[in-house]
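**Student:** Let's have the full structure, built from the sequences with the hints guiding it.
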Amino acid sequence: MGESKMFSNGRTVLLAVVILVTGFVLSGSANADGLSHMTREPDSSARSHRLPHRNSSLVWQTSKEDAVSLAKAQGKKILLVAERSTATYTRNTLCETNSPKIKCLIEQNFIPWFHDIDSGTDHYAYSSGLETFYLPLICCIDPDDSDNYLDRSTGSQTPDEFYSRLQNIAGADCLTVNISGYVRDSQESGIPDVMLSFSGGLARTDSSGHYEYDVISGWSGTVKPYKIGYTFSPEILSYSNCASAQNSQDYIADLSDPDADYIFEIYHTGRVAELLMPSQEFEDWNNGAFSDDTKRRKISKFLYTRFKDDFDFIFLISNNEELPDGLDYHGRCITVRNDVEGIGYSLYDYTEPGGSSGSLRSIIHMPYRTGLDNGPSLHELLHTWANSIVETSMQSHWGFSSGGGQLGGFAPDTLIHLGNGVYQANNGKANSSGFGEFANGGNSIPYSDIELYLMGMIDKSQVQPLQVAVNPEWVEYGKFSADSFLTYTMDDIIQEHGERTPSSEDSQKRFKGLAVAMTPTPLTEQEWAEVDEDVEWFSREGDDSSDSFYNFWEATRGIAAIEMDRLSDSLIAVTTLSPVISVSRESLSFGKIMVGSSESETLTIGNSGNVSLEIGMLSITGTDTSGFEIENDACSGLTIAPSETCTFDVKGSPASEGEKNALLEIPSDDPDTLTVPLVMVGISDLTSLGLRGVVLALQVCAGISGTGVTFDAGVSGDGKIGLEEAIYILQDVAGLRD
Numbered sequence: 044m045g046e047s048k049m050f051s052n053g054r055t056v057l058l059a060v061v062i063l064v065t066g067f068v069l070s071g072s073a074n075a076d077g078l079s080h081m082t083r084e085p086d087s088s089a090r091s092h093r094l095p096h097r098n099s100s101l102v103w104q105t106s107k108e109d110a111v112s113l114a115k116a117q118g119k120k121i122l123l124v125a126e127r128s129t130a131t132y133t134r135n136t137l138c139e140t141n142s143p144k145i146k147c148l149i150e151q152n153f154i155p156w157f158h159d160i161d162s163g164t165d166h167y168a169y170s171s172g173l174e175t176f177y178l179p180l181i182c183c184i185d186p187d188d189s190d191n192y193l194d195r196s197t198g199s200q201t202p203d204e205f206y207s208r209l210q211n212i213a214g215a216d217c218l219t220v221n222i223s224g225y226v227r228d229s230q231e232s233g234i235p236d237v238m239l240s241f242s243g244g245l246a247r248t249d250s251s252g253h254y255e256y257d258v259i260s261g262w263s264g265t266v267k268p269y270k271i272g273y274t275f276s277p278e279i280l281s282y283s284n285c286a287s288a289q290n291s292q293d294y295i296a297d298l299s300d301p302d303a304d305y306i307f308e309i310y311h312t313g314r315v316a317e318l319l320m321p322s323q324e325f326e327d328w329n330n331g332a333f334s335d336d337t338k339r340r341k342i343s344k345f346l347y348t349r350f351k352d353d354f355d356f357i358f359l360i361s362n363n364e365e366l367p368d369g370l371d372y373h374g375r376c377i378t379v380r381n382d383v384e385g386i387g388y389s390l391y392d393y394t395e396p397g398g399s400s401g402s403l404r405s406i407i408h409m410p411y412r413t414g415l416d417n418g419p420s421l422h423e424l425l426h427t428w429a430n431s432i433v434e435t436s437m438q439s440h441w442g443f444s445s446g447g448g449q450l451g452g453f454a455p456d457t458l459i460h461l462g463n464g465v466y467q468a469n470n471g472k473a474n475s476s477g478f479g480e481f482a483n484g485g486n487s488i489p490y491s492d493i494e495l496y497l498m499g500m501i502d503k504s505q506v507q508p509l510q511v512a513v514n515p516e517w518v519e520y521g522k523f524s525a526d527s528f529l530t531y532t533m534d535d536i537i538q539e540h541g542e543r544t545p546s547s548e549d550s551q552k553r554f555k556g557l558a559v560a561m562t563p564t565p566l567t568e569q570e571w572a573e574v575d576e577d578v579e580w581f582s583r584e585g586d587d588s589s590d591s592f593y594n595f596w597e598a599t600r601g602i603a604a605i606e607m608d609r610l611s612d613s614l615i616a617v618t619t620l621s622p623v624i625s626v627s628r629e630s631l632s633f634g635k636i637m638v639g640s641s642e643s644e645t646l647t648i649g650n651s652g653n654v655s656l657e658i659g660m661l662s663i664t665g666t667d668t669s670g671f672e673i674e675n676d677a678c679s680g681l682t683i684a685p686s687e688t689c690t691f692d693v694k695g696s697p698a699s700e701g702e703k704n705a706l707l708e709i710p711s712d713d714p715d716t717l718t719v720p721l722v723m724v725g726i727s728d729l730t731s732l733g734l735r736g737v738v739l740a741l742q743v744c745a746g747i748s749g750t751g752v753t754f755d756a757g758v759s760g761d762g763k764i765g766l767e768e769a770i771y772i773l774q775d776v777a778g779l780r781d
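Read in order, the letters of the sequence shown correspond to residues 44 to 781 in my numbering.
No lab work stands behind these hints, which were simulated from the structure alone.
If you're wondering where the values come from, they're calculated on a predicted model, not measured in any experiment.
Check each hint, because a few of them may be wrong.
In silico SDA-like cross-links for lysine to any residue, where the CA-CA straight-line distance does not exceed 20 Å [unchecked claim]:
id : residue 1 : residue 2
1  : 120       : 103
2  : 344       : 308
3  : 341       : 329
4  : 267       : 329
5  : 267       : 281
**Tutor:** The following block contains the structure:
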């Protein structure tokens, strides 16, 4: 049930650890794209400002009092989940999406209550007797005896174990309906590993292409199949109030693009794009693929086949609940362009290898879903401009200095000399007792003056001198020793690096960002909504409704904004790469032809598509195939480039009287097989030639047709049409003969 954390009972205090997590950075080292920065997890005690996510389908109470009151009023039990706010697996995955039956039991029989163990002590009553235990702590509670529990567990458990436990307490089951079917290709072969996204969960086809999924009786929703390189018919199936099993819910899969790498979609709000990628590639990203120029650029170049070059920042957000095991950063920024002078960075532009034409500034990787919300998104953005103006104890960060912002350091007015070379300082937050060398608690602190100056938000006159400790060492959290301090005034900094150009008056204040959720499985509706909510919050121009966290607008004191919506405005009209076959005649009618004679018509095949067209073997099918023949075939087996053509002839030769019909089939790799209806009428009575006979006679008279215009039976019986026969025909048509 997610990653378990060992936790010490608050009353026995067997384990008390204060973690000074302010960021670890590899920064200032050159790579192919400019500067690279990566940051460890910010202060976990201030990670989340919205618990639980507002988009959760279950309404989680956040106080014991409210949970007890509602449970009594509705005649239900209480389900307590006690864990850290950053661990969302139990609430958001196990109780919401992993098993509809679990969610059903909770909705019908329990009031769900989430308790953040870092923010309160209400869990003490239910952890009694446990000295150390693994999170989460899950208890079922009778509201009439709310200081005790009906049962409890600590640590991981499977969905089946969890459901059985809830069922025992509830004394009820949850009725489900099975939806099943096959996904096959046009040859009736099953397609394995197709993911089917149900509203609220996922199913996957087995080796035979079969899938099944249980939904709650009365369920309404949609199902959409996904597999990279394939399109499906139907694209989506909708259900309403399912009360009985839905079998034979089948799909036809078409391998439309065997070379496809990704499936790309935009959420209906227009704020988030989904990039569905192969599982192995996603795992590579969990193991540090962001550092690989080739793999990172593969993603960005793909994105620029879908989007215009509109964005200053690309945020790649991995669809993970928590930081993947073994990954040594919680956020990383790689800058690809710098056009600002006076901030300690050289001018460079490495945008072209990644697909940008010069607009992109930085690519930022958030290896778990809440990174944009909780941080270190503000921190990583700042690395586009800072810190390369002064050398500190921690490269590219403020270290033991009065930088005092997103890159660590203490607030300038908090430094106190305790004597004997020992100092105390904090980051300026309310009730803070210390600071970090790398960061100061995710998005829980705004940008400092020196940071805003480097970003181009404020003038140099608004920045206090920067104090940097010499040979600093920690004594304890918030206290450190130092030999002395170096003081850098803004004049000192400008003398070394030059004036910031453009200045705060002329600098860019409005930015545009692209948020892309990378995932090996289609995002569930809850995951979509979670990322979308975070993007909206982070980019909101105004009060972010949080007392402890800052979005970008607030962090810049309302001076700057980052637009992260209306992605459809930046979409490129994606051109479908496909051949389009055309033929010069939609149907071919030869009219009347004397039995034993023949006529030919030339047809032209063209390719109006944007890739080469592969032509198969032309053929004639139908009831009267013997009367038609393909001649001078310059098309069969030919590859026709876009806008190019080829030609062939079709000859009609009736062997008997009457209408003759056939089909000319032109196979190709255009999905639509082209067919041309062929028709002619065989005749043996010369007087029935009508106008055609007249025209033919006139041609003969004029000597146009030359020799070879013969018929089995002519007027004179010699099998040829000469002047005498032509005159006879004209007289017959004119009614001058009996």
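**Student:** If a hint holds in the structure, say so; if it does not, say that too.
**Tutor:** Going down the list of hints, with the structure as the test:
{"no.": "1", "hint": "120 <-> 103", "result": "holds (13 Å)"}
{"no.": "2", "hint": "344 <-> 308", "result": "holds (16 Å)"}
{"no.": "3", "hint": "341 <-> 329", "result": "holds (16 Å)"}
{"no.": "4", "hint": "267 <-> 329", "result": "violated (27 Å)"}
{"no.": "5", "hint": "267 <-> 281", "result": "holds (9 Å)"}
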